[in-house]
Amino acid sequence: MDKLLIEGGHRLEGEVRASGAKNAALPILAATLLAEGETTLSNVPHLRDITTTMELLGRMGVQLTIDERMHVHADASTVTSCAAPYDLVKTMRASILVLGPLLARFGEAEVSLPGGCAIGARPVNLHIDGMRAMGADIRVENGYVRARADRLRGARFVMDIVTVTGTENLMMAAALADGRTVLENAAREPEVVDLAEFLNAMGARITGVGSDTVVIDGVERLYGAEYRILPDRIETGTYLVGAAMTGGRVRVRETRADLLDAVLAKLSDTGAAVSTGPDWIELDMGGRRPRAVSVQTAPHPGFPTDMQAQFCALNCIADGVATVTENVFENRFMHAQELQRMGADIRVEGNLAICRGLKHLTAAPVMATDLRASASLVLAALVADGETLVDRIYHIDRGYDHIEEKLSALGAVIRRVSG
Amino acid sequence: MLNETAPARFALTGDLDLASVPALVGEGRRFRQGGAPLITVDLSGVGRSSSAAVALLLEWSSQASRAGTRLHFVHWPDAMARIAALCNLDALLGADGPSPETPTSG
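Chains A and B, in that order, give the protein sequences.
Take 1 as the starting number for the first sequence in our numbering and just add one per residue.
Take 1001 as the starting number for the second sequence in our numbering and just add one per residue.
Possibly wrong hints are sitting among the right ones.
[Unchecked claim] Simulated restraints, written as ranges between beta carbons of each label pair:
id, chain 1, residue 1, chain 2, residue 2, range
1, A, Asn331, B, Thr1013, 52 to 62 Å
2, B, Ala1023, A, Pro123, 46 to 56 Å
3, B, Asn1088, A, His71, 11 to 21 Å
If you're looking for bench data, these hints aren't it; they were derived computationally from the structure.
From the three backbone atoms N, C-alpha and C, an ideal C-beta is built for every residue, glycine too.
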């Protein structure tokens, strides 16, 4: 099992390119099932979950190739199976995203209930209820969701909680439904908007994305399209936090500042100079220690839950005391105990983490417990005294494209070790 | 196209994509005919490629292995090596380091 060995105390300086957003690429790959004809996707990140999704689609019969520009070509005209088996789905809960496209395009789907990330309950009942409202016959048995429909019908559906994958799945299902679907209390995340723009590029008629009411007028068929995945705002934010923590200066290019308003405001509150351009964001900490900043997570456009752990790490070495409140997911402070192993003064009370910043953290063997928690440990290791060994980095490989190469390019001393 | 240029030495040429690769899969039988334990396949003549090319090399390697032969792919075009790396097959197919036969420049 790979580990990351990180020597702390080196300031991050330089430029790094943002990869494509995993959370946009996964639903967009699933949406290729809807198209008649070949789809070409660019800016697809090189991540394990992407590979898993491609294997899943490949097993269904989708013809997938990668060309010399690293563009992914997908042709779903050769689909022979509408099943997503447990052995793949268990490793990645986003596999549930094939349910809507399979049902809408082929009239049937058999998808194992998801496993994946261990950060609290994220039920799929809203996906199922929404598709039932569109006329699907769905049974959940033996760990599988088995769905059938001649053709889905447009419906009005109110989601009682905001769910990103639920909104995406229902949007894809509704794209080929008969009539108008209205999704109320829809997720507003940029990745949802990106999926809608991709579907519209394929011929869908979706309006209202980015608001909490999405309207989908179903069409008879969708066609292949060329599309570039939007940049990863969480990866972007993580490198900027790294610059702030190490007192450095980092420019992230091929990214978008408008995806990160809440995060950039908080980074400015740390005392960093944050500047932006049409496709870049730069943070200059000027060698200073950041000020502690309190954050509260909320659905977009609020502060993203996927940046919470990184700000915990920042607050552990910042000047002052700050609280981090997690309002989106349960059980998402597993990094706190690992940060304590590095000497951090961090206390968790329910959905609140109270961080008292220290001038120094100390290296220690630590264990990644989920994707963003592992990012916080890497960031803490960048400033800790000594060499930190981060174990179970398969979590980080699920969300960060070439993290050790990118951090090395910025001046970090980091290497991957096996065993 | 797969040409035998010397005993236990082949050259693969042309574009390798979904259109051309299926016809080449069966060519792997030629690696089994000479009985050599190691066969070198020169990739310098490969034009445009996609992941279909990597799949072809993987299939040929598998066929050769079943016949007790090992394939050594040399002179990887950069783009093809990148695709192999993206598929995490660079080490398996020998695309992850300088080939012993890599010509020096200059």
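Hints and how they fare:
1. In this structure the hint that asparagine 331 of chain A and threonine 1013 of chain B lie 52 to 62 Å apart at CB holds, the actual value being about 56 Å.
2. Our hint of 46 to 56 Å for alanine 1023 of chain B and proline 123 of chain A holds, since their Cβ atoms are close to 49 Å apart.
3. Checking the proposed 11 to 21 Å range against asparagine 1088 of chain B and histidine 71 of chain A shows it holds: the Cβ atoms sit about 18 Å from each other.
In the structure shown, no violation is registered for any of the earlier numbered hints.
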